[in-house]
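Q: Based on these hints, arrange chain B on the given structure of chain A.
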Amino acid sequence: MGPAVDSLRQTLEEAIGTGDTRVVMNLSEVPMVDSTGIGLLVRFLVLIKKKGGNIKLAQPSKFAVQTLRLVGVLNLFEVFDNDDAAVESFT
Amino acid sequence: MPADDRGSPQAGALSELVDLNMPANSEAIASVVDAIGETLLSLEVPEQKRFEVGLALQEALSNAVVHGCGNDPTKTVRCRVKSDPQGRIAIIVTDPGPGFSPDLVPDPRKDENLHADHGRGVYLIRQLMDEVHFERRGSEITMWKY
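From first to last, the protein sequence lines are chains A and B.
With this note's numbering, letter number 52 in the first sequence gets 52, and the count goes up by one each step, no holes.
With this note's numbering, letter number 43 in the second sequence gets 1043, and the count goes up by one each step, no holes.
The following block holds chain A by itself, in its conformation from the complex:
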């Protein structure tokens, strides 16, 4: 929502701009994901996959998982218990 989504959008745009398309997003400190955040995640997932990369989620809160599942997009993402496992999955 608002500034948080703007910040995430900027970070992802910068990553793509520098050619980084293998992204691990740690959601452990994101208690809630709203529809704006979900829309952003999905938009960048599509964009990054077109470039041969992926966005993987690490340590999402139970409420974030519930919300992603509720709108049917949880299965679009690979979800990991920690950052290391998510990073290793790219190799």
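The set of hints was computed from the structure by calculation and includes no laboratory data.
Given the structure is predicted, the values throughout are model-derived calculations rather than measurements.
Keep in mind that a hint or two might mislead.
[Claimed, not checked] Pairs of lysine to any residue residues, derived as SDA-like cross-links and limited to a Cα-Cα distance of at most 20 angstroms, are as follows:
id : chain 1 : residue 1 : chain 2 : residue 2
1  : B       : Lys1075   : B       : Thr1094
2  : B       : Lys1110   : A       : Phe77
3  : A       : Lys51     : B       : Ala1116
4  : B       : Lys1049   : B       : Ser1101
5  : A       : Lys62     : B       : Phe1051
A: Structure of chain B alone, referenced to chain A:
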């Protein structure tokens, strides 16, 4: 639990807990959601329900700011919280916009909508709350949590 658009329970016996106005600015949403979360906490509403109400409220306020007010901070969104004698909570969000047709909102889980970058807010509200109805041609939403 999926919600429907029918009328509210015990509409004549409601206690008003919160009645506030906020500028139509997305940066104002978090403080309203936090304030109402504190109200629910003081009423000993369980965490799961507080999360569901908080996210639904966030979505309703965001719709009001963006679609109802066109992100014009000189416009005002009104938010009220009421409870009935059974402890059920009603959240009412009103904007000054022309409204919309909630029945025309597509199902975001359909294959053709799954990768869309918008269109999930009203669906989320209906899923998170026990009862939802729209009035004033869609410019006022009442969301019940039992």
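Q: Next, verify each hint and record whether it holds.
A: Each hint, compared with the structure:
1. Under the criterion of a C-alpha separation no larger than 20 angstroms, the hint pairing Lys1075 of chain B with Thr1094 of chain B is consistent with the structure, at around 11 angstroms.
2. Distance restraint check for Lys1110 of chain B and Phe77 of chain A: the Cα-Cα separation of roughly 17 angstroms lies within the 20 angstroms cut-off, and the hinted pair is therefore satisfied.
3. Proximity of Lys51 of chain A to Ala1116 of chain B is assessed by CA-CA distance (about 18 angstroms); at most 20 angstroms being required, the pair is judged to hold.
4. Straight-line distance between C-alpha atoms of Lys1049 of chain B and Ser1101 of chain B comes to about 27 angstroms, which puts the hinted pair past the 20 angstroms bound.
5. Restraint check for Lys62 of chain A and Phe1051 of chain B: the C-alpha separation of about 11 angstroms stays at or below 20 angstroms, so the hint holds.
In this structure, only the earlier hint numbered 4 is contradicted, and the remaining ones agree with it.
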